[in-house]
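Protein chains: 2
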Amino acid sequence: MIQRRTETALERCLPPETTAPTRLHAAMRYSVLGGGKRMRPLLCHAAGEAIKADPRLVDVAACAVELIHAYSLVHDDLPAMDNDVLRRGRPTCHVEYDEATALLVGDALQTLAFQLLAAPSTPPAAPTPERQLQMLTLLAQAAGSRGMAGGQAIDLAAVGLALSIEELEFMHIHKTGALIRAAVLLGTHAGAADEDALQTLGHYANRAGLLFQVVDDILDAEGSTVTLGKTAGKDAAQDKPTYVSMLGLTRAKELAARLRVEAHAALDVCQADTLRLHALTDYIVDRNF
Amino acid sequence: MIQRRTETALERCLPPETTAPTRLHAAMRYSVLGGGKRMRPLLCHAAGEAIKADPRLVDVAACAVELIHAYSLVHDDLPAMDNDVLRRGRPTCHVEYDEATALLVGDALQTLAFQLLAAPSTPPAAPTPERQLQMLTLLAQAAGSRGMAGGQAIDLAAVGLALSIEELEFMHIHKTGALIRAAVLLGTHAGAADEDALQTLGHYANRAGLLFQVVDDILDAEGSTVTLGKTAGKDAAQDKPTYVSMLGLTRAKELAARLRVEAHAALDVCQADTLRLHALTDYIVDRNF
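Listed in order, the protein sequences are those of chains A and B.
Using the numbering used here, the letters of the first sequence map in sequence onto residues 1 to 289.
Using the numbering used here, the letters of the second sequence map in sequence onto residues 1001 to 1289.
A few of these clues could be false.
[As the list claims (entries may be wrong)] Rough simulated footprint, nothing fancy, chain B against chain A, three-plus residues with beta-carbon under 8 angstroms:
| id | stretch |
| --- | --- |
| 1 | 23 to 34 |
| 2 | 126 to 140 |
| 3 | 154 to 168 |
[As the list claims (entries may be wrong)] Some chain A residues flagged as far from chain B (calculated, every beta-carbon gap over 12 angstroms):
| id | residue |
| --- | --- |
| 4 | Asp235 |
| 5 | Ser245 |
| 6 | Arg251 |
| 7 | Ala272 |
| 8 | Arg287 |
Don't read these hints as lab results, they were simulated from the structure.
Ideal Cβ positions, reconstructed from N, Cα and C, are used throughout, including at glycine.
I would like the entire structure built from these sequences, with the hints used as guidance.
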């Protein structure tokens, strides 16, 4: 339901393939549309629902955060980074098109994310310009050198190294957690959340981000390429430190179970209606893709 | 003077090398600081001066547009794009660091540009949040798939093709012109420009953008790698369509002369104090680097 809603919203905010430069626009649409778990939009909408935000406003935030996520995947998959050929069960952008186009696709998707959040908002219940600037700042901090891009830089440097569990957590809090956290907070900002709700949900989002990553590592170790929709077993093959490589499968699963409990507990102290966020937390763990 | 001012402002807005991830931050600073013509900040300040904007506000706009320019150079120089090893007389980012780092440097510089424009502005004479959102939108449009990134996509597709002069102009209006135009308009937005001034200066900026590109093509054909600070003669070697390859050197110079006259004429109809913009227009043509 939310996934289909997000698909439609993304479809609308991406430039049509018929507009020049057509090949770039086609490649942008190829990289964003048609698949993906849409975990960040789901979290964004669930958080927006918790504080009764207008879902049309949450759509904008959800698209912006998903475009940042999509751009990071396109660049991550490039030969200079993870050199991956499969994503969401299809050839990655640089395989389907070419490397230079994939580079520009990622660049242009990032720009579009910020353009969306800066666009004049339509009433009723449009956020104030001040609120829009807050949301832009939040997304930029989550995406930038001290957020997602910074986490990826640490990830690169960590290949082949023996990290401590704290270092691994620090890396993933930036690499994965920052954008998951931003998704939750952008959803709450789309409404009129108070400082208290923002802080509680921020705490939840930190746990959810790590949980998401631990489960990802477990799935990568256990899953097959077909169910995963991306090349499985890459982490071990690339000698990347993961929760599974550090803790072993059993203890990684125990960690996931503990993070799940902590995420639920964080939601329990929140005054808002967090029913859907509770459900999403379980979905993060129980998904088998 | 403005160049030193911009250098200081850029220095301050970039994360320090001592902050984690240190290597990424060092590479970001390497790619932005220490050189460059700073043509966009110069235009930004000249336009700001024309409408008597507070130079401290223009600094923010100038840094944002320069960060977008710097990110595009880092990505342009990558092996998948122009595969260039020399920039501003020094090894390009991916040569000095590595390809993956250069990819992340460009990504994070783009994010930082938008983060700067979205940051709470400090009085006195701070722009309204509405104005900040307009500036964000302007920069995003100039940088995105229908601006700079789109122009680069057309550029990629044009290698080895025989373009018409109109097609070449269309490409450069996007690739180079969009950001030059944005620099001028962001400078005027930092003050309280009226619609009339915005339109006139926008017309000027279009001519200045093309002029800048034609002169660049002439310099690439004529210049040596030492005076240029980047690898000379690359365009011909890569079979890229340029004004020189299409028109020959003599007619390309005639075109530059005509665009210079048109740019000055556009400024002459403007009510603002455009003394410095006039001077910059000549500087664009007469520079020998």
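Right, here's what the structure says about each hint:
| no. | hint | result |
| --- | --- | --- |
| 1 | 23 to 34 | holds (count 4) |
| 2 | 126 to 140 | holds (count 8) |
| 3 | 154 to 168 | holds (count 3) |
| 4 | Asp235 | holds (16 angstroms) |
| 5 | Ser245 | holds (20 angstroms) |
| 6 | Arg251 | holds (27 angstroms) |
| 7 | Ala272 | holds (26 angstroms) |
| 8 | Arg287 | holds (28 angstroms) |
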